[in-house]
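K.L.:
Going down the list, the protein sequences come from chains V and A. Numbering of the first sequence is given in this note's numbering, commencing with residue 1 and proceeding in unit increments. Numbering of the second sequence is given in this note's numbering, commencing with residue 1 and proceeding in unit increments.
It is possible that part of the hints are untrue.
To be verified - Computed Cβ-Cβ distance ranges for the label pairs, DEER-style: (1) A:S454 x V:A262: 25 to 31 Å; (2) A:R26 x V:V26: 30 to 36 Å; (3) V:V80 x A:D284: 50 to 56 Å; (4) A:I359 x V:L282: 50 to 56 Å; (5) V:R156 x A:Q399: 23 to 29 Å; (6) V:Y69 x A:R26: 52 to 58 Å; (7) A:S98 x V:G157: 53 to 59 Å; (8) A:I354 x V:L282: 24 to 30 Å; (9) V:Y69 x A:W215: 22 to 28 Å.
Claimed, not checked - Derived, one-sided and incomplete: chain V residues facing chain A with beta-carbon distance under 7 Å: (10) Q146; (11) G149; (12) S150; (13) D151; (14) A155.
Treat the hints as calculated values from the structure; they're not laboratory data. Think of the CB as a built atom: it goes at the ideal place given N, C-alpha and C, for glycine as much as any other residue.
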Amino acid sequence: MSEFTSGFWGPYIAVITLVSVLACAVFLKMTGGKKRLAGEKLTTTGHAWDENLQEWNNPLPKWWTYLFYITIVFSLVYLVLYPGLGAFPGVLGWTSVGQYERERALAAKEYDPIYEKFSQMDIPALAANPEARQMGQRLYLTYCYQCHGSDARGARGFPNLADNDWLYGGSPEAIQATILNGRVGAMPALIDAVGGAEGVKEVANYVREISGQQPFDAALAAKGKEKFAVCAACHGPDGKGNPAIGAPNLTDNIWLYGGSLATISETITKGRNNVMPAWKDLLGEPKVHVLTAYVYSLSHQSK
Amino acid sequence: MDRPLPKVPIPVVEASPVEVDLYEVRKAIYPRAVHGVFATSRWTLVILTQVIFYGLPWLTWNGRQAVLFDLGARRFYIFDLVLWPQDFIFLTGILIISALSLFLFTAVAGRLWCGYACPQTVYTELFMWIERRIEGDRPKRMKLDREPWSLRKLGIKTAKHGTWIAVALWTGITFVGYFTPIRTLLGEFATLSLGPWETFWVLFYGFATYGNAGWMREQVCKYMCPYARFQGVMFDPDTLIITYDPARGEPRGSRSKSVDRRTRGLGDCVDCEICVQVCPTGIDIRNGLQYECIACGACIDGCDQVMDKMGYPRGLIRYSTENAMLGKYPEEETALRKVTSHLGRPRVLIYTAILGMVIAALAVSLAMRVPVKLNVLKDRANLVRETNDGWMENVYRLQIMNTSETPHRFSLAVTGLPGARLVSDTPVVSVSGASSIVVPVSVQVDPSAVSPGSHRIEFEVRAVEDDRIAAGAYSSFYLRAP
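The following block holds chain V by itself, in its conformation from the complex:
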């Protein structure tokens, strides 16, 4: 109970609790347990329904009164065993965190052998295992679908995982590294480097040309090709990208943000920042292994 800001509150709450419990006992003693004497005038609750229907004011049955006493005993036992009396942690030492840990340990006991078995298998073999694939799908639909979509086809800014086009490489090891450690993709704003708004237009038209999209302005694209040297540092002189740093291939007409002239211009003008979080700490390596197999299976399905 270290959450209390001052040592005063612990005893304060303990005293209020105990006084309330005792007051209940005193109240019960005062009101209950009286027997009616023979010949004593019967009193009613004072109401009459349907002209003459009245209710006698008899004492509670004994067993009923005892139930109330039992609740008092229960509460005292409870306060000794469990936290409740101010800062007193209870002799059982129960905490909600402890219970959570116990339940996790129970779950681990059940599932760890399964993950252990799958950890021994390599990713392509696991991807072909229906049981592992179902487990992977459940993990995916819990942790990944929010960004990448239930069908793993991604969304604007979130890569499609099923098209076998990879920013950081599609080998089992690369996928596993991405999930475990996350990725930070940064495209700087290059409007100044390419020579202002006009330069952006030229480079954007060139990118349209190398990605095989129509229409584009051939004259602007030719000028843009010269300025593409700035981009080549990351995307390579031929624009085919660099998986080592996650620079996208610009020639395959697969887009993270969109391939229209306006979107490409916006990307060059303002840059892009993108983050894939790391899952190593939350999920642990055995789960990531199964998840990797599922993601791998999406683009390596035997159809």
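Add chain A to chain V, keeping to what the hints say.
P.N.:
For chain A alone, coordinates are given in the frame of chain V:
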């Protein structure tokens, strides 16, 4: 109400310093064994219900227990039927049918349920039979209980309670056997390796059986059962009740068989008190209809035996109605006619009509039940996205539940949008028996063919093998303005 309510005087209590105990101590009841039409019908029903109750968990069907309520997996197996939580409406239907049957039977013939089918009656009957076998009939039992404790008495009592506990435990195991496969359960019970919940319920149900049928008996009906208290409102003057015919019986009095009762001015009741001795709730039916009466008919059987011995006509205590006793039925009607000619009253007809409709509705919906269910969850993080060819798509998760025990392969389809395409990694989805599967799909439309906004669409799954097995579910398709 055409009659004024009888005034019940509150007893005047004399002044005395002695405390009044408000607790009514139970008077021990030693029902005498009885034979006759009603005893036979009650035993027939006891045997019938118990053969079903104890026997059903042992039946196998399709390689599993025929009737099993698997709470952990949330599947109820009843022969060929597999019910899922989504089928809860059937339970509602069964409960409505039970309630309406109770109303109907009570309106026609009083507490038939109490007298013949209620587990409290059935197990009390079983336990009393065991008691009679071990301790003997009424006089022997009364004598035994008056005796001081001896080795013989201890032996008899131990034998009785031992048998009761054995039956009670078997009942507990059978009950839990409806929720856990009974063969494994029995094995675990034999090796004392039951799980904590199974142990609790076996013991709880066993203890309830032993306590209620062995010790509590009529007190459950008198003090605990709410039905006993509210059934009175379902009676009417034409309801069959077990009743003593005071016009014929009074004035009561013992007499020798050779004496002509008419010359003595006596009625047919010989005041032998057999009707009181056989009563499991310990009432005297000659005082009229009482709330304790569970309509078991034991007093009718008992009285008929005595009437036969005396050479008087049967039926001094019989099933009759309040109106018949008041002489409101035409005289020329025979006894049976009197019963049947008043069945056509509105209360009975209305209950029958409603009951018939509910039973028909349940039967039809069970017969037309399709063993597949479909749930659709729309992806809401990305409402809509563009495909590489410029179409717009929404993503959905289809949960396909195969509620039959045969595996099925399902084809997927979507309707509600012109020219919509359904894209899935698995165009035909295999779902094994009594399981469910989640399939992500996307629906794509040509944005020039559909107006922006929300559109109602319907997914449909249909078994490839049998196109009658199909289910649909609605969802929305969102399209943003260009």
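K.L.:
Failing hints, ascending?
P.N.:
When the structure is compared with the hints, numbers 6 and 8 turn out to be violated.
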